[in-house]
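2 protein chains.
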Amino acid sequence: MGTRLNLGSITLNVEQKGTDQPVVVFLHGITANRRVWDPVIERLATRFTCVSVDQRGHGLSDKPDGGYSDLDYSNDIRLLSERLSPSEGIFVVGHSLGARNAIVAASRFPLSVRGIVAIDFVPFIEDSVFDLLEKRVLAGNRSFSGLEQLTSYLRGRYVNLPEDAIERRAEFGYERNEAGEYAPLASASAMAETVLGLREDLEPYLSGLEVPAVIVRGELSTLVSPEAFSRARSVNSRVVSVVIPSADHYVPEEAPKEISELVGNFVGNCAPETDRILERN
Amino acid sequence: MGTRLNLGSITLNVEQKGTDQPVVVFLHGITANRRVWDPVIERLATRFTCVSVDQRGHGLSDKPDGGYSDLDYSNDIRLLSERLSPSEGIFVVGHSLGARNAIVAASRFPLSVRGIVAIDFVPFIEDSVFDLLEKRVLAGNRSFSGLEQLTSYLRGRYVNLPEDAIERRAEFGYERNEAGEYAPLASASAMAETVLGLREDLEPYLSGLEVPAVIVRGELSTLVSPEAFSRARSVNSRVVSVVIPSADHYVPEEAPKEISELVGNFVGNCAPETDRILERN
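Line by line, the protein sequences give chains A and B. Note that our numbering gives residue 11 to position 11 of the first sequence, counting from 1, and the numbers run on in steps of one. Numbers given in our numbering equal positions in the second sequence, counted from 1, plus 281.
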């Protein structure tokens with residue numbers, strides 16, 4: 001179930017696995033929850049302190065009426081760092097919304113964030129892609145009379161996810177409401193505000209980034225076009241880029257082995273020695 | 282239910298609505314069936330003879346073990362023309378697979394096909410997009426224990442379709458099998474062969490096209506990128522191009538009003554006078 005962690009301005013639901021330093025925080029995508037990282041964390045908890053977080057508005061965390069901009073989400077990451085690793089700072093691994101938040105937090109709070117892996121979200125995503133994402137996110141605000149209907153819906157919505165990831169999304173992304181229906185844990189109004197906020201200009205944060213960073217794209221992603229990824233690479237020569245073959249947008253759930261290896265290498269190279277740029281192509 | 286029409290080499294399930302000339306044939310996308318055109322044909326049957334067709338391997342038509350190349354599908358269109366309008370030829374309106382088939386047929390058999398509207402399929406679709414389409418098509422070969430599960434799946438798979446289109450896909454795209462499950466009418470092996478065939482080079486057919494043609498893109502389509510559409514426009518200056526706002530790939534089901542107006546104007550301008558290029562931007 002995780003632990004409710006009171007950060008002062010907000011209480012987030014988190015879970016820690018592993019005890020070895022450094023601390024690595026995992027941030028899910030919009031409408032999802034911390035459990036999407038289970039197969040990745042399972043592989044990394046023997047090496048690092050892995051903390052999965054339900055971001056604000058999602059899962060079992062607080063869902064304030066407003067406050068879902070890039071600044072709000074990244075403020076939470078700074079508070080998490082102060083709580084979890086006040087002297088060393090944390091690594092942040094984010095997917096989609098979580099990647100956006102990782103980039104913003106690392107740029108604003110370089111003493112709190114030691115390094116990031118940002119998966120399938122970059123600056124320069126096209127307006128038409130955001131239009132489609134917005135439709136998709138809003139369409140997800142739907143309840144189901146039974147678990148079978150819910151699971152069927154998720155299989156259709158995420159056609160490339162393995163069955164274990166589908167079941168995880170069904171089990172941990174919904175709750176039974178008063179009518180006995182399965183309703184999304186993610187707050188509908190929070191999702192609407194969050195998806196609008198994803199359009200905010202991310203370029204200055206990425207170009208100004210000074211901590212080690214890897215950006216990752218799913219080869220078949222329809223959110224991050226090859227062009228947007230290429231432009232993103234060009235704004236900061238220190239950022240390493242990786243493409244995961246055969247994966248679409250949902251890279252951590254589709255390719256947990258590849259992502260855990262990538263994160264393991266990245267964090268292992270950056271720590272425990274003093275921070276240095278990962279040398280990798 | 283439609284009518285079984287024996288064309289010699291194959292028997293296709295078709296339905297005719299309306300009696301006024303000319304004849305307009307409607308071709309669905311891969312894994313779909315002729316009923317996706319219902320809302321479009323409803324609007325056009327007062328003006329034209331509208332014929333919706335389950336293409337080979339789909340719906341209630343024959344499903345031979347092999348023979349799903351662009352040549353096979355376009356041969357069927359020539360046979361349909363000879364049967365339905367042997368002296369005048371037919372207009373063909375196709376979506377996705379149907380658009381590919383319309384382009385190939387119009388190029389190969391310009392005396393059988395008077396003009397085409399090709400919706401959201403062009404040459405120059407990127408390999409990575411075909412990879413994703415292939416995954417998506419193969420993932421659709423799935424049965425359901427009940428109608429509610431099926432409908433939920435379709436809502437997830439086609440997030441932008443209106444509810445009436447979802448219900449139409451559930452009702453007309455599946456049949457109860459011996460186990461009582463809802464199984465796809467589209468043949469799994471035919472779909473696998475068909476989706477491979479979609480990668481065949483379409484450029485020579487479009488560039489050589491001499492009959493009036495409109496190509497249409499959904500503004501939010503992830504199958505036809507803006508770049509592919511732009512390149513397709515450039516290979517044949519006589520081809521008219523139209524973008525439908527707010528629609529993604531499934532344009533006929535998402536925007537039946539816009540598509541029926543477009544088809545009505547196009548066919549109305551081309552016929553009953555002698556063929557001429559539609560003047561339109």
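To be clear, the hints were calculated from the coordinates, so they are not data collected in a lab. Think of the CB as a built atom: it goes at the ideal place given N, C-alpha and C, for glycine as much as any other residue. Among these hints, one or two may not hold up.
[Unchecked claim] Below, in silico cross-link-like pairs of lysine-lysine (DSBU-like), each with a Cα-Cα straight-line distance of 35 Å or less:
#: 1; chain 1: A; residue 1: K135; chain 2: A; residue 2: K63
#: 2; chain 1: A; residue 1: K257; chain 2: A; residue 2: K135
#: 3; chain 1: A; residue 1: K257; chain 2: B; residue 2: K416
#: 4; chain 1: A; residue 1: K63; chain 2: A; residue 2: K17
#: 5; chain 1: B; residue 1: K416; chain 2: B; residue 2: K344
#: 6; chain 1: B; residue 1: K298; chain 2: A; residue 2: K257
#: 7; chain 1: A; residue 1: K17; chain 2: B; residue 2: K344
#: 8; chain 1: A; residue 1: K63; chain 2: B; residue 2: K298
#: 9; chain 1: A; residue 1: K257; chain 2: A; residue 2: K63
#: 10; chain 1: A; residue 1: K17; chain 2: A; residue 2: K257
#: 11; chain 1: B; residue 1: K298; chain 2: A; residue 2: K17
#: 12; chain 1: B; residue 1: K538; chain 2: B; residue 2: K298
[What the hints assert, rightly or not] Listed next, with one range per pair, are the computed distances between beta-carbon atoms:
#: 13; chain 1: B; residue 1: E462; chain 2: A; residue 2: N141; range: 25 to 35 Å
#: 14; chain 1: A; residue 1: E181; chain 2: B; residue 2: D346; range: 43 to 53 Å
#: 15; chain 1: B; residue 1: D412; chain 2: A; residue 2: T46; range: 52 to 62 Å
#: 16; chain 1: A; residue 1: D201; chain 2: B; residue 2: D301; range: 49 to 59 Å
#: 17; chain 1: B; residue 1: R457; chain 2: A; residue 2: G8; range: 49 to 59 Å
#: 18; chain 1: A; residue 1: P226; chain 2: B; residue 2: G489; range: 50 to 60 Å
#: 19; chain 1: A; residue 1: Q21; chain 2: B; residue 2: D412; range: 33 to 43 Å
#: 20; chain 1: A; residue 1: F130; chain 2: B; residue 2: A420; range: 49 to 59 Å
#: 21; chain 1: B; residue 1: E508; chain 2: A; residue 2: E42; range: 19 to 29 Å
#: 22; chain 1: A; residue 1: R233; chain 2: B; residue 2: S515; range: 21 to 31 Å
#: 23; chain 1: A; residue 1: P226; chain 2: B; residue 2: A420; range: 49 to 59 Å
Checking against the hints above, which ones are violated?
Of the numbered hints given earlier, those the structure breaks are 6, 7, 8, 11, 15, 18, 20, 21, 23, listed in rising order.
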